[in-house]
Amino acid sequence: MADVKRVHTLDWSIQPPYLAPGYTSTLKRAPSQPLMPLEHKLSELTGPVYGESDIKELDNDLTKNAVKNGEPMGERIIVTGRVLDEAGKPIRNTLLEVWQANAAGRYIHMRDQHPAPLDPNFLGAGRCLTNDNGEYRFTTIKPGAYPWRNHPNAWRPAHIHFSVFGRNFSQRLVTQMYFPGDPLMPLDPIFNSIPDEAARTRLISQYDHSVTTPEWALGYRFDIVLAGALETPFEKDDDHDD
Amino acid sequence: MTMTTKKYLQSPSQTVGPFFHYGLVFGGENTLVNEQTKGQRILLTGRVYDGDSEVVPDALLEIWQADAEGIFNHPNDPNQAEVDTHFRGFGRADTVNKGVYTFKTIKPGSQGGVPYINVRVFSRGILIHAVTRVYFSDEENTKDAVFAGIPEARQATLIGQLEQNQDLPTYRFDIHMQGSKETVFFDL
Numbered sequence: 001m002a003d004v005k006r007v008h009t010l011d012w013s014i015q016p017p018y019l020a021p022g023y024t025s026t027l028k029r030a031p032s033q034p035l036m037p038l039e040h041k042l043s044e045l046t047g048p049v050y051g052e053s054d055i056k057e058l059d060n061d062l063t064k065n066a067v068k069n070g071e072p073m074g075e076r077i078i079v080t081g082r083v084l085d086e087a088g089k090p091i092r093n094t095l096l097e098v099w100q101a102n103a104a105g106r107y108i109h110m111r112d113q114h115p116a117p118l119d120p121n122f123l124g125a126g127r128c129l130t131n132d133n134g135e136y137r138f139t140t141i142k143p144g145a146y147p148w149r150n151h152p153n154a155w156r157p158a159h160i161h162f163s164v165f166g167r168n169f170s171q172r173l174v175t176q177m178y179f180p181g182d183p184l185m186p187l188d189p190i191f192n193s194i195p196d197e198a199a200r201t202r203l204i205s206q207y208d209h210s211v212t213t214p215e216w217a218l219g220y221r222f223d224i225v226l227a228g229a230l231e232t233p234f235e236k237d238d239d240h241d242d
Numbered sequence: 243m244t245m246t247t248k249k250y251l252q253s254p255s256q257t258v259g260p261f262f263h264y265g266l267v268f269g270g271e272n273t274l275v276n277e278q279t280k281g282q283r284i285l286l287t288g289r290v291y292d293g294d295s296e297v298v299p300d301a302l303l304e305i306w307q308a309d310a311e312g313i314f315n316h317p318n319d320p321n322q323a324e325v326d327t328h329f330r331g332f333g334r335a336d337t338v339n340k341g342v343y344t345f346k347t348i349k350p351g352s353q354g355g356v357p358y359i360n361v362r363v364f365s366r367g368i369l370i371h372a373v374t375r376v377y378f379s380d381e382e383n384t385k386d387a388v389f390a391g392i393p394e395a396r397q398a399t400l401i402g403q404l405e406q407n408q409d410l411p412t413y414r415f416d417i418h419m420q421g422s423k424e425t426v427f428f429d430l
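Chains as they are written, first to last, in the working numbering: chain B, 1 to 242; chain A, 243 to 430.
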């Protein structure tokens with residue numbers, strides 16, 4: 001087996017630290033020892049592979065995938081974007097999962113005690129695969145802000161949780177997408193745990209009028225870039241752009 | 243085509259938060275095997291602890307491993323053509339039950355090396371996943387370059403201990419996020 005270079009590396013000038021004192025839950029959960037370096041071998045250069053058989057028809061439409069007796073409440077939106085690597089190459093057929101609060105800022109979760117109404121027609125979870133251009137798209141309801149107990153009168157800005165697998169184990173990313181102009185972002189210790197302002201800004205989706213569906217839904221664009229750029233010796237790729 | 247100098251910068255991570263269960267865990271993801279899967283069934287179980295040795299009941303664990311012959315079910319593995327098609331190699335488990343997670347899987351093969359399972363920890367209060375590995379107490383782990391490169395005093399944090407007198411071979415692997423027993427985490 002040929003030696004494999006370390007090609008997918010988290011950039012710690014971009015990524016949040018484990019310990020972010022403003023976010024109090026990190027105080028007892030942040031590793032205190034330095035991370036051990038790890039050369040990427042086969043177990044890091046491989047990862048779970050998903051296909052169309054893992055996806056059901058309504059999985060990418062959160063306004064329809066949990067309907068019981070009517071339309072979910074709130075502002076219908078389309079969220080779309082591309083999943084790319086650091087060379088700008090599309091990451092194809094990767095599984096993307098999303099979950100979020102409803103329009104009132106309530107999660108359908110037993111531990112969410114926020115006294116805002118649940119919506120019987122909205123679960124708030126969906127999934128899809130990226131296409132050959134690395135594009136994903138789902139329809140949902142714009143989530144509401146909600147209070148949490150981090151500090152007095154703490155509110156999370158509206159956000160959608162994203163989980164992306166990427167091409168292999170080392171590209172895995174779980175993050176949150178925010179909405180432009182949300183006044184709660186500057187006050188949020190989770191958003192602001194990312195030290196670099198430009199990096200934080202990349203988690204804010206952009207309103208895109210060309211994504212809207214007339215008389216149906218507004219549109220937001222949110223691109224995701226996963227760590228890594230170079231192809232590995234094992235990776236087959238039909239792009240030849242170098 | 244014009245050459246582009248645009249730089250694509252990686253997206254930052256954010257915590258999985260406390261409410262991921264209904265979006266990521268639907269039931270059954272912690273069983274990686276079916277009747278046809280080849281290999282020795284094992285249970286991999288343990289607890290996740292914080293720096294006060296309190297259990298973490300809202301963590302999410304993901305594991306990634308090779309099949310019984312040490313082949314990963316992914317095109318980057320040059321032996322993928324021979325992979326056990328009844329084994330994807332990926333699992334997810336929550337820790338809702340008092341910080342305890344359990345996976346039913348197989349002991350991976352290793353293609354001549356030392357077997358291990360990759361583990362990724364997500365949780366409220368963890369802004370970017372923590373990556374570790376489970377090695378097995380009944381293997382010669384010091385033959386593995388990564389394991390041997392860990393300071394000896396911390397190597398034990400990477401070992402799943404085989405417990406006797408269980409129906410299935412059971413490896414106990416507790417994860418300590420912080421403190422004197424802090425698990426070794428890797429920089430990917």
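Treat the hints as calculated values from the structure; they're not laboratory data.
A portion of the hints provided could be inaccurate.
20 angstroms max Cα-Cα, derived EDC-like pairs, lysine to aspartate or glutamate [to be verified]: (1) B/K56 <-> A/D380; (2) A/K249 <-> B/E135; (3) B/K41 <-> A/E311; (4) A/K346 <-> A/D416; (5) A/K346 <-> A/E296; (6) A/K280 <-> A/D336; (7) A/K340 <-> B/E135; (8) B/K28 <-> A/D386; (9) B/K41 <-> A/D386; (10) B/K68 <-> B/D54.
Which bits of chain A does chain B cover? Going by a derived footprint, with three or more residues having C-beta under 8 angstroms, they are [unchecked claim]: (11) 340-346; (12) 363-377; (13) 398-405.
Quick caveat, the model's predicted, so the values are computed rather than measured.
Beta carbons are placed, not taken as given, at the ideal position from N, Cα and C, and that holds for glycine.
Taking the hints in turn, this is what the structure says about them:
1. For the suggested pair B/K56 and A/D380, the alpha carbons sit about 42 angstroms apart, so the restraint of at most 20 angstroms is broken.
2. Taking the CA atoms of A/K249 and B/E135, the gap is near 19 angstroms; set against the 20 angstroms cutoff, the hint holds.
3. With a CA separation close to 17 angstroms, the supplied pair B/K41 and A/E311 stays within the 20 angstroms bound.
4. Among the hinted pairs, A/K346 with A/D416 is consistent with the structure: their alpha-carbon atoms are about 16 angstroms apart, no more than 20 angstroms.
5. With a C-alpha separation of about 25 angstroms, the suggested pairing of A/K346 with A/E296 is violated against the 20 angstroms cut-off.
6. Distance hint between A/K280 and A/D336 is unfulfilled; the C-alpha atoms sit about 25 angstroms from each other, more than 20 angstroms.
7. Among the hinted pairs, A/K340 with B/E135 is inconsistent with the structure: their alpha-carbon atoms are about 39 angstroms apart, more than 20 angstroms.
8. The straight-line distance between the Cα atoms of B/K28 and A/D386 is roughly 31 angstroms, outside the 20 angstroms bound, and the hint therefore fails.
9. At roughly 12 angstroms between alpha-carbon atoms, B/K41 and A/D386 fall within 20 angstroms of each other, so this suggested pair holds.
10. Restraint check for B/K68 and B/D54: not satisfied, since their Cα atoms lie roughly 23 angstroms apart, outside the 20 angstroms limit.
11. With 0 residues having a Cβ less than 8 angstroms from any Cβ of chain B, the region 340-346 of chain A misses the three-residue criterion, and the hint is violated.
12. Taking a C-beta to C-beta cut-off of 8 angstroms, the region 363-377 of chain A contributes 10 residues in contact with chain B, enough for the three needed, and the coverage statement holds.
13. With a cut-off of 8 angstroms between beta carbons, the region 398-405 of chain A has 0 residues touching chain B; three or more are needed, and the interface restraint is violated.
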